[in-house]
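J.: Residue-level listing of the chains:
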Amino acid sequence: MRPATHLTGIDSEKLAELEQLLLDVKRGALSAPAQFFDRYQSHVNRLVWSLLGADQEHDDLVSTAFETMLRTVTSVRSPSALNGWVRTVTVNTVRLELRRRRWRRLFSSDEPAALNHPDLRVGDAVQRERARDVYRALEKLDAESRVAVILRHIEGYELTEVAIAMGCSLATVKRRLAKAETLLARLLGGAL
Amino acid sequence: MSAPSKFEEVKTILNDGPSAETRSAQRARIVSKARKARSRWPVLVVAAAAVLAVVLMTTRPADLAMNEKGERIAVGSRVSTSSSWRFDEKSAVEISDNTRILVRKLDREEVVLDLEEGRVDLNVTHGTGRTWQVQAADVTIHVVGTRLRVERHGAQVDVSVTEGVVEVTGPLSQRHRVIEGEMWTNRVVAEVQAPAIEPQQIGDLTEPVIAPVPRPRVVVASWKAAFERGDYAATFDLAEKSGVLSRPEALTAVDLISLATAARLTSHLGAAAQLLRSSIEKAGAHQAEAAFMLGRLELQRNHAKEAANEFERAVKFTPSGPIAEEAWSRLFDTLTRLNETERLHRNAERYLQIFPSGSSSARAKTVLGQ
Numbered sequence: 032m033r034p035a036t037h038l039t040g041i042d043s044e045k046l047a048e049l050e051q052l053l054l055d056v057k058r059g060a061l062s063a064p065a066q067f068f069d070r071y072q073s074h075v076n077r078l079v080w081s082l083l084g085a086d087q088e089h090d091d092l093v094s095t096a097f098e099t100m101l102r103t104v105t106s107v108r109s110p111s112a113l114n115g116w117v118r119t120v121t122v123n124t125v126r127l128e129l130r131r132r133r134w135r136r137l138f139s140s141d142e143p144a145a146l147n148h149p150d151l152r153v154g155d156a157v158q159r160e161r162a163r164d165v166y167r168a169l170e171k172l173d174a175e176s177r178v179a180v181i182l183r184h185i186e187g188y189e190l191t192e193v194a195i196a197m198g199c200s201l202a203t204v205k206r207r208l209a210k211a212e213t214l215l216a217r218l219l220g221g222a223l
Numbered sequence: 433m434s435a436p437s438k439f440e441e442v443k444t445i446l447n448d449g450p451s452a453e454t455r456s457a458q459r460a461r462i463v464s465k466a467r468k469a470r471s472r473w474p475v476l477v478v479a480a481a482a483v484l485a486v487v488l489m490t491t492r493p494a495d496l497a498m499n500e501k502g503e504r505i506a507v508g509s510r511v512s513t514s515s516s517w518r519f520d521e522k523s524a525v526e527i528s529d530n531t532r533i534l535v536r537k538l539d540r541e542e543v544v545l546d547l548e549e550g551r552v553d554l555n556v557t558h559g560t561g562r563t564w565q566v567q568a569a570d571v572t573i574h575v576v577g578t579r580l581r582v583e584r585h586g587a588q589v590d591v592s593v594t595e596g597v598v599e600v601t602g603p604l605s606q607r608h609r610v611i612e613g614e615m616w617t618n619r620v621v622a623e624v625q626a627p628a629i630e631p632q633q634i635g636d637l638t639e640p641v642i643a644p645v646p647r648p649r650v651v652v653a654s655w656k657a658a659f660e661r662g663d664y665a666a667t668f669d670l671a672e673k674s675g676v677l678s679r680p681e682a683l684t685a686v687d688l689i690s691l692a693t694a695a696r697l698t699s700h701l702g703a704a705a706q707l708l709r710s711s712i713e714k715a716g717a718h719q720a721e722a723a724f725m726l727g728r729l730e731l732q733r734n735h736a737k738e739a740a741n742e743f744e745r746a747v748k749f750t751p752s753g754p755i756a757e758e759a760w761s762r763l764f765d766t767l768t769r770l771n772e773t774e775r776l777h778r779n780a781e782r783y784l785q786i787f788p789s790g791s792s793s794a795r796a797k798t799v800l801g802q
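Sequence order for the protein chains is A and B.
Under our numbering, the first residue of the first sequence is numbered 32, with each subsequent residue one higher.
Under our numbering, the first residue of the second sequence is numbered 433, with each subsequent residue one higher.
Don't read these hints as lab results, they were simulated from the structure.
Yeah, the Cβ is synthetic: ideal placement off N, Cα and C, and Gly gets one too.
Heads up, some of the hints might be wrong.
What the hints assert, rightly or not - If you want the footprint, here are the derived chain B segments under chain A, 3+ residues with CB under 8 Å: (1) 437–449; (2) 454–462.
Said to hold, decoys possible - The list that follows gives simulated cross-link-like pairs (lysine-lysine, DSBU-like), each with its CA atoms no further than 35 Å apart: (3) B:LYS465 with A:LYS45; (4) B:LYS501 with A:LYS45; (5) B:LYS537 with A:LYS171; (6) B:LYS656 with A:LYS45; (7) A:LYS205 with B:LYS438; (8) B:LYS537 with B:LYS522.
What the hints assert, rightly or not - The calculated label-pair distances, taken between Cβ atoms and stated as ranges, are: (9) A:GLY59 with B:MET498: 47 to 57 Å; (10) A:ALA112 with B:ASN447: 22 to 32 Å; (11) B:LYS522 with A:THR203: 52 to 62 Å; (12) A:ALA112 with B:GLU440: 25 to 35 Å; (13) B:THR557 with A:ARG206: 58 to 68 Å; (14) B:GLU440 with A:THR213: 15 to 25 Å; (15) A:LEU218 with B:GLU541: 30 to 40 Å; (16) B:MET498 with A:ARG131: 52 to 62 Å; (17) A:LEU61 with B:ALA452: 18 to 28 Å; (18) A:ALA202 with B:ALA452: 52 to 62 Å; (19) B:LYS522 with A:ARG131: 50 to 60 Å; (20) B:ALA479 with A:THR105: 32 to 42 Å; (21) B:THR557 with A:THR203: 47 to 57 Å.
Please work from the sequences and hints to get the whole structure.
T.: In C-alpha cells:
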C-alpha cells in the first residue's frame, strides 16, 4: 500500500531549507522554479494523479498548478506554511478543472477518460476496469465531493487534513463524504 | 482473505504516478515558462511607466475653486480675512471680516469647511451632486443646494437658512432640519432674537441682490425639543448645561416630571429623585403621579422605606384616581417586604373602605385575617 505523504511534520533542518527556497522564489532567483519543482513535484504529481484519475490531461494540470504557485508564492508569509499551501493550491487547481469538465459535459461528451495516461502500467485488465468504474462513479459527484472522497479513501488523509486541504469545516467534509459514499455505494452496487 | 475494497484496487492501479521521463518533461516545461514570464516583466514595467508619464504630462488637476485674486483654493487653504470664493459649478462662499476658515476637503464629490470663528455666507448650486459640510465648533451643517449663513463666536453657533433646507447635527448627534426662514442656534437661552440678514450679493454679479429677509423664526436647541424627540441623553445634558437643574423652582411641575423622566432613563437616579421631590412640592394634580414615580425610583435604588413613604403619599394624594390601584398594590408589596405589619393593617383597612372589590381586596382581606 502506498504511504500517504501529506507533507506534515517539518523538522528544523527542513524548515531552514523551505525558508531558503521561499526566499529564492520571492527574489526571483534563476534557479528558483527548478528548485521549487524538484521540491514539490512528487507531491503535486501524486495529488493530481489520483484526483484527476491519471488521464491524458495530467501533465497540463501539473504545469498549471506549478505556474499558479510560482506566480502567487509571494503571498506565503512563513516557510512553515509552504507545504500546506502547495497542497491547497494543487487541490484547488484540480477542483477548478473538475468543475469545468462538469459544465463542458452538458455540451459535449468528448472528455478524457480516467486511467488512460500512457505511464499507467497495463496490469490486471479486470482490476483496471473495476478501477475505471470507480472513476466513472466519481464523475457523478460534484467536484468538492469527489475531491473529499479521493483524499480520504485513496490518499488516506485524516478528516481534518481533508478539511484543511479543501478549506472547509470538518462538519462539511463529513457531510459531503457521507452523501458521496451513499451514492457511490449505490452506483457501484455494494460496499466500497 | 477478504476481497480488497474498490478504493484499494484504485490505489493499486494508480501505482506510483507518472514516469521519471514524464516528470523530467514537466520540469523542463515549467522552468521554460517561468523564464519567459520573467523576461516579460521588465518590458511590461517600462511600458506601464511610459503610459503613466504621458497621462501625468497631458493632464492636471482641475481648478475647483478660486478666490477674488484668481488664486487657487485647495485642501488646507486657510483664510483669516474677508474673501470671495467661486467654485467650478458656480457655488460661492463669502467670508466676512474677522473670520477664520479652513478648507478640510475639496473635491468633485465633497466640500468640507471648518469655520473656526466669524461668519460665512454660502450659495450652493443645486443638483451638482457635490455635498457641502460646514463644521463650526461641535456643530455640523450639511448643505445640498441652498443659501445659508453660518456664524460662530466661540462655542456659539447660529445657522440661518434663506433658501432651501439644511440639516444640522448637534454635539450629541441630534439632528435638526432647518428650512428657509429659520435660524438654528445652539444657544440655550429661552428667548433668542435673531438678527435680520442685510441684503447682499452672494455669488456672481449677474445674480440678483438678495432682498432683505424677515427676521427668521428661531429654532433653539433646547432640552424641551430634545425631550419631545425622545432624545433623553440630550435632554439631560442640555438641561444641565443651561442651569435649569439647579433652579427647579423656575420650572413647572410638568417640566420637572419630564426632566425627571429623562434623568431616570439616562441613569441619573439621584437627580431624578430630586426633580420629583421638587415637583411634589408644587401643589397640583400631578402630585400623585410624581409621588408614585418617586416611589418606583426609590425601589430601583433599593430604598424600600423611602419607597413605602412615597407610595403612601401617592395614595393620599389620589386614593381612587387613575394610578391608585397600582400605587396601593406597590404599597402593600413594600410594607410586606419591610415587615411593617401595623402600617400594612392600617393601609389594608383604608383600601377596603375605598375599594371593597378592588384588585387588591383579596390581599387586603388576607392581611386583616378576614
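J.: The structure should be examined with respect to each hint, and the outcome stated for every one.
T.: Each hint, compared with the structure:
{"no.": "1", "hint": "437–449", "verdict": "holds (count 13)"}
{"no.": "2", "hint": "454–462", "verdict": "holds (count 7)"}
{"no.": "3", "hint": "B:LYS465 with A:LYS45", "verdict": "holds, 27 Å"}
{"no.": "4", "hint": "B:LYS501 with A:LYS45", "verdict": "violated, 71 Å"}
{"no.": "5", "hint": "B:LYS537 with A:LYS171", "verdict": "violated, 59 Å"}
{"no.": "6", "hint": "B:LYS656 with A:LYS45", "verdict": "violated, 74 Å"}
{"no.": "7", "hint": "A:LYS205 with B:LYS438", "verdict": "holds, 20 Å"}
{"no.": "8", "hint": "B:LYS537 with B:LYS522", "verdict": "holds, 18 Å"}
{"no.": "9", "hint": "A:GLY59 with B:MET498: 47 to 57 Å", "verdict": "holds, 50 Å"}
{"no.": "10", "hint": "A:ALA112 with B:ASN447: 22 to 32 Å", "verdict": "holds, 31 Å"}
{"no.": "11", "hint": "B:LYS522 with A:THR203: 52 to 62 Å", "verdict": "holds, 59 Å"}
{"no.": "12", "hint": "A:ALA112 with B:GLU440: 25 to 35 Å", "verdict": "holds, 33 Å"}
{"no.": "13", "hint": "B:THR557 with A:ARG206: 58 to 68 Å", "verdict": "holds, 60 Å"}
{"no.": "14", "hint": "B:GLU440 with A:THR213: 15 to 25 Å", "verdict": "holds, 20 Å"}
{"no.": "15", "hint": "A:LEU218 with B:GLU541: 30 to 40 Å", "verdict": "violated, 59 Å"}
{"no.": "16", "hint": "B:MET498 with A:ARG131: 52 to 62 Å", "verdict": "holds, 58 Å"}
{"no.": "17", "hint": "A:LEU61 with B:ALA452: 18 to 28 Å", "verdict": "holds, 24 Å"}
{"no.": "18", "hint": "A:ALA202 with B:ALA452: 52 to 62 Å", "verdict": "violated, 41 Å"}
{"no.": "19", "hint": "B:LYS522 with A:ARG131: 50 to 60 Å", "verdict": "holds, 56 Å"}
{"no.": "20", "hint": "B:ALA479 with A:THR105: 32 to 42 Å", "verdict": "violated, 22 Å"}
{"no.": "21", "hint": "B:THR557 with A:THR203: 47 to 57 Å", "verdict": "holds, 56 Å"}
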